[in-house]
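Residue numbers (this note's numbering), protein chains in the order written: chain A, 1 to 110; chain B, 111 to 223.
No lab work stands behind these hints, which were simulated from the structure alone. The C-beta atom is built at its ideal place from N, Cα and C for all residues, glycine as well. Hints may contain errors.
[To be verified] Here's a subset of chain B near chain A, in silico, CB distances under 7 Å, partners left out:
1. P118
2. F184
3. F214
4. G217
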Amino acid sequence: SQQGEEDPQALSIQEGENATMNCSYKTSINNLQWYRQNSGRGLVHLILIRSNEREKHSGRLRVTLDTSKKSSSLLITASRAADTASYFCARTDNFNKFYFGSGTKLNVKP
Amino acid sequence: DTGVSQDPRHKITKRGQNVTFRCDPISEHNRLYWYRQTLGQGPEFLTYFQNEAQLEKSRLLSDRFSAERPKGSFSTLEIQRTEQGDSAMYLCASSETGYETQYFGPGTRLLVL
């Protein structure tokens with residue numbers, strides 16, 4: 001069973017708009033990571049945020065973490081058609097195995 | 111750094127047959143993970159190696175599944191007596207001890223007819 005959930009399940013926007021997706025989890029974390037998966041491919045690491053961090057940036061990506069609410073959000077600014085993919089958050093336990101949510105499927109229309 | 115590779119990329123088999131998948135991790139990574147992903151879902155953890163030692167197995171890994179990493183380098187995942195419910199993408203990932211980021215291979219897509 002999944003240990004977290006992304007919201008929304010699907011998101012469709014126009015190129016240039018911002019995309020925000022959320023992740024909720026149920027138990028404590030060491031860190032939380034976001035991954036992207038293009039259709040039928042493996043996962044690509046985007047960004048890691050540790051439990052003592054509140055916000056992190058990487059290029060057009062901004063991730064926030066609220067441990068009191070057990071939630072994280074990923075913001076993609078100025079989206080491009082190439083950002084079309086599924087986005088997953090992954091919670092890490094002490095052995096570093098990941099628990100993934102069911103993902104947000106993002107469609108960026110050109 | 112050639113990344114994580116998996117072979118084959120696609121496998122079609124008939125129910126009851128055995129299949130074996132191979133994963134080659136990034137060369138300096140001593141941790142290796144297998145995940146299974148069904149359509150529309152996120153990956154689910156199957157098993158994990160630290161060098162050649164298999165340290166944890168998920169309850170998803172029934173006795174028809176076996177994984178090995180004989181020399182602490184590449185790993186194989188074998189499914190015996192395949193069932194239609196085994197149809198999924200099987201993903202391999204690797205990481206270095208002390209580093210939390212896992213690097214994923216392209217996956218092996220299995221279809222059991």
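Verification of the hints:
no. : hint : result
1   : P118 : 14 Å, violated
2   : F184 : 17 Å, violated
3   : F214 : 4 Å, holds
4   : G217 : 5 Å, holds
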